[in-house]
Amino acid sequence: MGNLIDVLIKLSIATVILYFVIKILSKGFDKITDMIVAMDKEKNRKLIYLIVGILLVLPFLLSRYPYILRTSIMAIMYVVLALSLNFVLGFAGQLSMGHAAFYGIGAYVTALLMVNFNVPFLLAFIASAIVAGIFGFLLGVPTLRLKGDYLAITTIGFGEILRLVLVNWVEVTRGPAGIPGIPSPSFFGFTINNNIGYYYIILLLAFFTVFVSNRLLNSRLGQGFIAVRDDEIAAEAMGINSTYLKILAFVLGAAIAGMAGSFFATFVHYVNPDNFTYMESVTILCMVVLGGLGSIPGVILGAIVLTVLPEALRGIALYRYAIYGLLLILMMINRPGGMINMDRLKGGRKDENSRGSRSNKVLRRSYSSR
Amino acid sequence: MKILEAVGVTKSFGGLTAVDNVDFHIEEGEIVSIIGPNGAGKTTFFNLITGVYEPTKGVIKFLDKDIHNLKPYEITSRGISRTFQNIRLFSSMTVFENIMIGQYCKTKANILNVIFKTKNAIKEQEEAREKVEKIIKFLELDSVANEIATSLPYGVQRKVEIGRALATEPKLLLLDEPAAGMNSQEKVEMQALIRKIRDQGYTVLLIEHDMKLVMGISDRVAVLDYGNKIAEGKPHEIQRNERVISAYLGKEVG
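Respectively, the protein sequence lines represent chains A and B. End of the first sequence = 371 in the working numbering, gap-free, step of one. End of the second sequence = 288 in the working numbering, gap-free, step of one.
In case anyone wonders, no lab produced these hints; they're calculated from the structure. Don't be surprised by glycine CBs; every beta carbon is placed ideally from N, CA and C. Check each hint, because a few of them may be wrong.
[As the list claims (entries may be wrong)] Stretch-level coverage of chain B by chain A, calculated; a stretch enters the list once three of its residues show a Cβ under 8 Å from a Cβ in chain A:
{"#": "1", "stretch": "104–115"}
{"#": "2", "stretch": "119–133"}
{"#": "3", "stretch": "145–153"}
In isolation and in its complexed conformation, chain A is listed as follows:
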């Protein structure tokens, strides 16, 4: 009993402290958002070069800290996964809660092809993307008429079915034992056998995903997604085939999640059904929502924070997940729009008088050739 009271007191204190920490952080996020809005194209480009530069030399700086390097790789992989869910959830507004299924499909396709048939990594990688994309299509078509909660339940069902298939189809997937011994990827005779190599592979995939997200968001198709998300009836009345766009979002999101899965399989050399549970889907969902639905910088930040945070909190072992959960709750109460809110990126904050003064820059940027 005394123990329980002790825990409760500690958690209450933590809640209060975290509340103020988030208040302060929230100001910081606003500053960052405003900075992104205020930047012109030239500065924006410079900042991107700077970030890319840092990311490129990072593994050499971290060569003495293998644990941090490994965490970085996982963080970047979750950036890819969160951005892939962002196509479905952030752009097209479809609440999909079974995203880990596509990630799992990608991982198992690569694992099976490489272990059983000695297929080279690149081919297995492409096959993973295609197979996951096909499943995205197969899930997208029947669920088109569903919205919100109903779609969420259906996609949870899909995720569970996949997991059960992985567990029970023992002849192919080896069931709960999983598939060990997945070889390292090799390109033209070079075999990737250290974490620096893996780091660059996943970084490349992350660049590719950010690039596709960005091009898409600033195109007619991306704006079409947002229109469907905001008001499907109005979107249809404006000549947008919402059926096509929703399926496209599902296929794209699934294919990229499949690529991440393919990477994961070769990175850990072992896959089993426990890697692709409902909890995994929820974690990815949290990254997108916490970061800011539909906002590319937000989702990236969300994925990094939610991967690094549980690792950073290892120091307070016992309270780790309690603090993690508290942070999520307080964050959502404080900033329901996520860390870097997409609407705010456009200068659409309601409590500010100077809304109109944000010049054409924002708008031009959101459409122009970046």
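With the hints as your guide, set chain B onto chain A.
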């Protein structure tokens, strides 16, 4: 030339016949209004034209082609565009972006064009933006172009919706109660705007409750009551029509 023709159009919801055997047409370049008491079937008729509902019976032709079995987005790309009775702007978009969505069906870039940013994709995007800028200038929305559309006053939002509809480059523009909730000054401006739009070469079909606006602007008025078309003609004819008066005011018994 008949731009739109409806023959014997009927729409039933279970036992209720919302639109009953209506014949109707619009000539090119006209402003035509549909009026009628609440629940007369005006908006249902709009929804039939724009493909939200499929008629139970009857034919709707646009530019001599059947459209009653097409989807809303297909009808829009053929050249019919609409606004909504309850404004339906895209809430996370600026005014510019909202109107830009109207150009969606006029551009063609597919997913690969977009990712690789082909010349054609850039060019059509550029052209679309120029067209949208013209529309913004035409509607005098320059000063609010970068505002989030739904944060603007009601009257401005209506204009943005009209702009969005114009951006689909329609031949026929359907306005569903464009003056609802406006004060008399705004109504006068709306009337001037609709006329200005017609003078640009658009054909306009209007649903409106405000009689002053309807009578002041329409070339022709059709009256619906309980789903039936009870009268059609020039505004002054409608004002004197017995059936219309009784539909609106009720009939004396005995």
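Outcome of the hint check:
1. 104–115: It holds, with 6 qualifying residues against the three required.
2. 119–133: This one holds; 9 residues, not fewer than the three required, reach chain A with a Cβ under 8 Å.
3. 145–153: That given contact holds, which follows from 4 residues of the stretch 145–153 of chain B lying within Cβ reach (below 8 Å) of chain A.
The structure agrees with every numbered hint stated previously.
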